[in-house]
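Student: Sequence:
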Amino acid sequence: MDRDISFATFNLYNLQLPGKPTYPGAKPFTPEAYQRRLAWAGERLRELDADVIAFQELWSAQALRELFDAAGLSADYDLQFIKEEWYDIAVAAAVRKPWKVSAKTLHKRFPDGFRLLKRRHGEPGADAQRTDDDIEVSIDLFSRTVIQLTLGHENAQVPPVEVFCAHLKSKHATPLDKPEAGNPALKPHTAALGAALSTIRRTAEAAALRMILTDLLKGTDRAAVLLGDLNDGVHANTLSILTAQPVYRRYAKSRKAGANDSGLYAASFLQALADFQDVAYSYIYKDVREQLDHILVSEQFYDYSKKRHWSFRDQRIWNDHLDAEDRDGPERPTSDHGIVRARFLWDPA
Numbered sequence: 001m002d003r004d005i006s007f008a009t010f011n012l013y014n015l016q017l018p019g020k021p022t023y024p025g026a027k028p029f030t031p032e033a034y035q036r037r038l039a040w041a042g043e044r045l046r047e048l049d050a051d052v053i054a055f056q057e058l059w060s061a062q063a064l065r066e067l068f069d070a071a072g073l074s075a076d077y078d079l080q081f082i083k084e085e086w087y088d089i090a091v092a093a094a095v096r097k098p099w100k101v102s103a104k105t106l107h108k109r110f111p112d113g114f115r116l117l118k119r120r121h122g123e124p125g126a127d128a129q130r131t132d133d134d135i136e137v138s139i140d141l142f143s144r145t146v147i148q149l150t151l152g153h154e155n156a157q158v159p160p161v162e163v164f165c166a167h168l169k170s171k172h173a174t175p176l177d178k179p180e181a182g183n184p185a186l187k188p189h190t191a192a193l194g195a196a197l198s199t200i201r202r203t204a205e206a207a208a209l210r211m212i213l214t215d216l217l218k219g220t221d222r223a224a225v226l227l228g229d230l231n232d233g234v235h236a237n238t239l240s241i242l243t244a245q246p247v248y249r250r251y252a253k254s255r256k257a258g259a260n261d262s263g264l265y266a267a268s269f270l271q272a273l274a275d276f277q278d279v280a281y282s283y284i285y286k287d288v289r290e291q292l293d294h295i296l297v298s299e300q301f302y303d304y305s306k307k308r309h310w311s312f313r314d315q316r317i318w319n320d321h322l323d324a325e326d327r328d329g330p331e332r333p334t335s336d337h338g339i340v341r342a343r344f345l346w347d348p349a
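Each residue of the sequence shown is one higher than the last, beginning at 1 in full-length UniProt numbering.
Honestly, the hints are just simulated from the structure, not real lab data.
A few of these clues could be false.
[What the hints assert, rightly or not] Label-pair ranges, simulated between beta-carbon atoms:
no., residue 1, residue 2, range
1, Asp261, Gly152, 21 to 29 Å
2, Lys27, Pro348, 48 to 56 Å
3, Asp347, Asp320, 30 to 38 Å
4, Glu180, Glu136, 12 to 20 Å
5, Asp347, Arg119, 48 to 56 Å
6, Ala196, Phe114, 30 to 38 Å
7, Thr190, Lys97, 47 to 55 Å
8, His121, Pro18, 53 to 61 Å
[What the hints assert, rightly or not] Straight line, CA to CA, 27 Å or less: simulated DSSO-like cross-link-like pairs of lysine-lysine:
no., residue 1, residue 2
9, Lys171, Lys27
10, Lys97, Lys307
11, Lys171, Lys187
12, Lys104, Lys218
13, Lys218, Lys108
14, Lys108, Lys171
15, Lys171, Lys20
16, Lys97, Lys83
17, Lys83, Lys108
18, Lys83, Lys104
19, Lys100, Lys307
20, Lys118, Lys108
21, Lys27, Lys178
22, Lys306, Lys218
Here a beta-carbon is modelled for each residue, glycine too, at the ideal position from N, C-alpha and C.
Generate coordinates for the entire structure from the input sequences, incorporating the hints supplied.
Tutor: This is how it looks when you write it as structure tokens:
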């Protein structure tokens, strides 16, 4: 049925036009390497066959257009970008008919009122019972702009869907600035301190995005989906923040976990296959396999919610290419992330 819907998230691994810059010091794509990447990614797009696709690590709008041209899919999808030109990696999206974008919102700044503050003992307003928890984090921007799309359907009976496309701060250590990097006392610890900075930023981004989601979903019947490279496993604290940890019903006759007004359900949990943990990974780093790329859905996609509009069909992760001994950078013909797709059937409660 055309009221079914499928979502996917696809990390493009720094896709850029040939000869154009990406990170400082990184090799650009040669024309040959670029065509190899387009050929591989185009084949994956056709296999995905998804209605809504979120992309990460895109450096050029034209590169994504050329990818869809190479795949023969340009006429089927509406491509959405943060803008025509930008200076860093960015997220993007593709939406297939009969779904259409009725509104787009860009989230670069954190919501008004966002604060990560615990006052020092003795300061006005401080918790008198605690003496060692003071902290203040002064982050107010997403490292990569989050795209929010409002999707409508040509069938007026189908409710709109809010889709968030995100790429949270990576696990890689943030490079220290010259004063800190050159400090003899800190030099042996730059990796640990850089990793801590990345973790703090990713956690702050998760909390800010959760505020946006709660404001959108709390007390409403709006359907929402969060897609993207969230750079943490499904059991990580940042994912717990983003999902608000809804309770899952473990068997159909249970009366528990019927709904969660503002929580998000991980498609990887909905899959619920006995052997799923053996294959559910989208990234390999130092031989550790994790799922960093996620599809999180509101209760309107949860089978046991009274507000259900769609029921879960399946999730698939394309990850065979991650085991290949490919080179890094533009010479690698594949992405360095797995590609995740989840499908949902139109099935109102």
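Student: Are any of the numbered hints broken by this structure? If so, which, sorted upward?
Tutor: The structure breaks only hint 6.
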